[in-house]
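My request is simple: use the sequences and hints to build the entire structure.
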Amino acid sequence: MDSEQSRSRRTFIKSSSIASLAMMLGTPIIYGSNLSSGDSIIGEAITEWFDLPGKSSELTVLNDRPINAETPAHLLNDDLTPNDLFFVRNNGIPPNKVDVSIWTVSIEGESAKNKKAYTIADLKSKFKTHTLNLTLECGGNGRSEYNPPAKGNQWSIGAVGCAAWTGVLLKDVLADVGIKSNAVYIGYYGEDTHLSGDPDKDPISRGVPISKALEPESMIAWSMNGQDLPQLNGYPLRLVFGGYPASCSGKWLSKIVIRDQVHDGQKMSGKSYRIPCDPVAPGAKVVDEDMCIIERMPVKSLITYPKTGALIKQGTRLPIQGHAWTSADQITAVDYSIDFGVNWMACKVSPAKNKYQWQRFEAEVEIPKVGYYEVWAKATDSDGNSQPIILPGWNPKGYLNNACHRIAVKVK
Amino acid sequence: MANKKSNPPKMMVPNWNLFIGLVKFTLCAIIMAFGYLLLEDDINEWINRKPLPIGDINKRSSTSDEDDWNKTVNGIHLRSGLHADPNLQVIIGACTSCHSSKLITQNKATREGWKQMIRWMQKTQNLGDLGKSEPVILDYLAKYYAPKEEGRRQNIDVEAIEWYVLDLEE
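Residue numbers (the working numbering), protein chains in the order written: chain W, -5 to 406; chain Y, 571 to 740.
A hint or two may mislead.
Derived PhoX-like pairs: lysine-lysine, alpha-carbon spacing no greater than 25 Å straight-line [unchecked claim]:
id	chain 1	residue 1	chain 2	residue 2
1	W	LYS118	W	LYS206
2	Y	LYS641	W	LYS279
3	W	LYS279	Y	LYS713
4	Y	LYS718	W	LYS279
5	W	LYS195	Y	LYS685
Because the hints were derived from the structure by calculation, they are not lab data.
Pasting the structure below:
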């Protein structure tokens, strides 16, 4: 045992010299973390500091390889989420050298009438440019609350953001190529690479039904909030589909295939981005054949002001603000409760500029007595759907948790 | 057209080229053997490259303090962020080459659940056969990263909140 231990110890120490060797040889070790001098240990996690290119240090980093980081709720108060605060869900390693002048996206596939490739300049000159405010939310946002625990990055609430995307409509580009009548799906390919280093393996290659691809809000975008896309969010080109899991909105986009069948790329099968076709009990075993692809995302909301943990004086009025979003036409109501759901009061809801933009809600909350309170928010959309107070249906990978958001407030 | 006169006359001289070649070869072999002796560990390591533990690259390459490398606080091995255990190196070796250990520490599952995740990575993500290490890895994961009993929705974690004074107009 002793020798075993010291042997492994040696291996460990020696790997340090390999690290330095790898660095000398220029082998890229990217996104290393920097333990700050004030390392602290909370429970089982080591608090570390990361430098994510183009991203605020206030993001919560769930994983540094591949990079996955979410935005704390109180930093999502802007109508349009600033680029450095927009969440990151990467499945592989982003391309590190990008030459915008030669970047092309090719459109092909069984159900494409032609095969065409466009540079970004081609897209800009051939098609009408549009700017739309679209909300993107990771299908696994809220996963951390499921029990039994669901596999994957344990997103809490901040894998969501809304930005002004500038680009061309996917339908205009697809029409230029020509779509055969047997088309059912589009799939994307990007220039990110698989974590194992295998150049023949895609980290992710998903897509959407052709009807979604042809919606007037489905875009190929090169700009976010008037700037180039951040490197971690798909620079220089990506798809944007509001109302669907964000994994459909392929980043570092280089190819779109028009398919005569449901796209069968990486993470389209098994349990990835799928839920049981019929509801199951928490913890149930579900075979792959009984899993169905997630399409539309459910109605949801976040309280973005104040930050949870406010201590306020008795007799003051507490303003609350937030956003609500849905894959339906629009949000029709947002209600809040300060008594654990016994009574609900209406918030003021602002209209959206276009479909899939999140909508601002606000209210002035009067809290009658001192004590501990929780403010809960619950949105309702034009399909008549609303948010559950406890968790929605359990599923093996923990998708689609749209339980209402809660913040804590104390009145003294 | 070929000019037969260009053929050199055959002479019986010793083959110096062969001799010099042999000397050069021997010298090279000696130098390489020396080099190998000096760098044996690194070369072997390079060949059977083990995945790197996560952590600060600069510290990793500059530290000479062995203890630092194995430092454990509250049961957590600082360098890797994983739970300390006699078999920790097996887990670091098998599980941190593609992604960081954070993907492990974020997750909780039964032994069967961990096995399913490993099978999924083997089927779809290029993870190889773990051989005799598999039961060791599964025992480790099931021990330290097991699910906890929780209700359908947890209380807000009041202890974790950083309370702050919010001044509002009366």
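Structure-based check of each hint:
1. W/LYS118 / W/LYS206: Cα-Cα ~22 Å, so holds.
2. Y/LYS641 / W/LYS279: Roughly 40 Å separates the two Cα atoms, so the pair is violated.
3. W/LYS279 / Y/LYS713: holds, 22 Å
4. Y/LYS718 / W/LYS279: Within the cut-off at roughly 18 Å; holds.
5. W/LYS195 / Y/LYS685: holds, 23 Å
Of the numbered hints stated above, the single one contradicted by the structure is hint 2.
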